[in-house]
Structure formats: C-alpha cells, structure tokens
Amino acid sequence: MTYDLAVWEGERPADDKAAGRAFTDLYDRYVDTEEEHPPTKRIAAYVAALLDRWCDLTEDEEETSPWSTGPLIGEASGPLVYFPMRWSMAEEASAYAATLAESMGLVCFDPQQNRLRP
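By numbering that gives the first Met the number 0, the letter at position 94 of the sequence shown is numbered 93, and the numbering carries on one by one without gaps.
No wet-lab data here; the hints were simulated from the structure. Just to be clear, a hint being listed does not mean it is correct.
What the hints assert, rightly or not - Here are the simulated DMTMM-like cross-link-like pairs (lysine to aspartate or glutamate), alpha carbons at most 25 Å apart as the crow flies:
# : residue 1 : residue 2
1 : Lys40     : Glu101
2 : Lys40     : Asp24
3 : Lys40     : Glu61
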C-alpha cells in the first residue's frame, strides 16, 4: 500500500475543490498521456531537495527511503510531480514534502483526502 502526493507549479487554488480539479487537469495533461514532458526546473529542484533528505529508492540499501518508486525524478512530468511513498513512512515524509513544497512556492495536494497541504 502506498500514499501519494501531487506537487505542481502555479498559483495555489482557492480551496480543496478547485485544487482537485487542477490536479485532475494536470494529471490528464502530463501523466495520463503518451507524450513525454521533461520536468520543469522548479520541479526538478523540488525532487532534488526531497532526495537531499532521503535517498532515492534506487540507492536505498538500508531501506530508509520513504519513496515507493525510483528514480523519483521519473515521477515528474512538466510542472507536476505525482509520487508514491511507503505507507509506513507516509506521515513523516508527506509532512516534510508538503512543507518543502510550500517553502519553494509550489502547490501540494493530497489526492487520498482531496485536500491542499499544508
């Protein structure tokens, strides 16, 4: 079981409902498509900052990484990164990821709860 977060560039939506629509639109455009979209510089910097805190799953020899997929940058497409984390570490990792996104001027959305974070 995994826990997913979505982080993207753009203005913070007015409320959770608007964020859900924005996430769906971005997902349809950048993830659920055959077209390749390299991550934007800001999203690549965000992923790099996450990997400064915890190693990539591809380098995790001691099972300390919260990520459920690797390389983590592979989950980034255009202005969006939609990534899974291990359920056992989701609380700590998602709180850090949400705070980091906010500090970098990015939007963080929790698709499980259909709400903006933090």
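Here's how the hints hold up against the structure:
The hinted pair formed by Lys40 and Glu101 meets the criterion: a straight-line CA distance of about 16 Å does not exceed 25 Å. A distance of roughly 20 Å separates the Cα atoms of Lys40 and Asp24; the hinted pair therefore holds under the 25 Å criterion. With a CA separation close to 30 Å, the supplied pair Lys40 and Glu61 exceeds the 25 Å bound.
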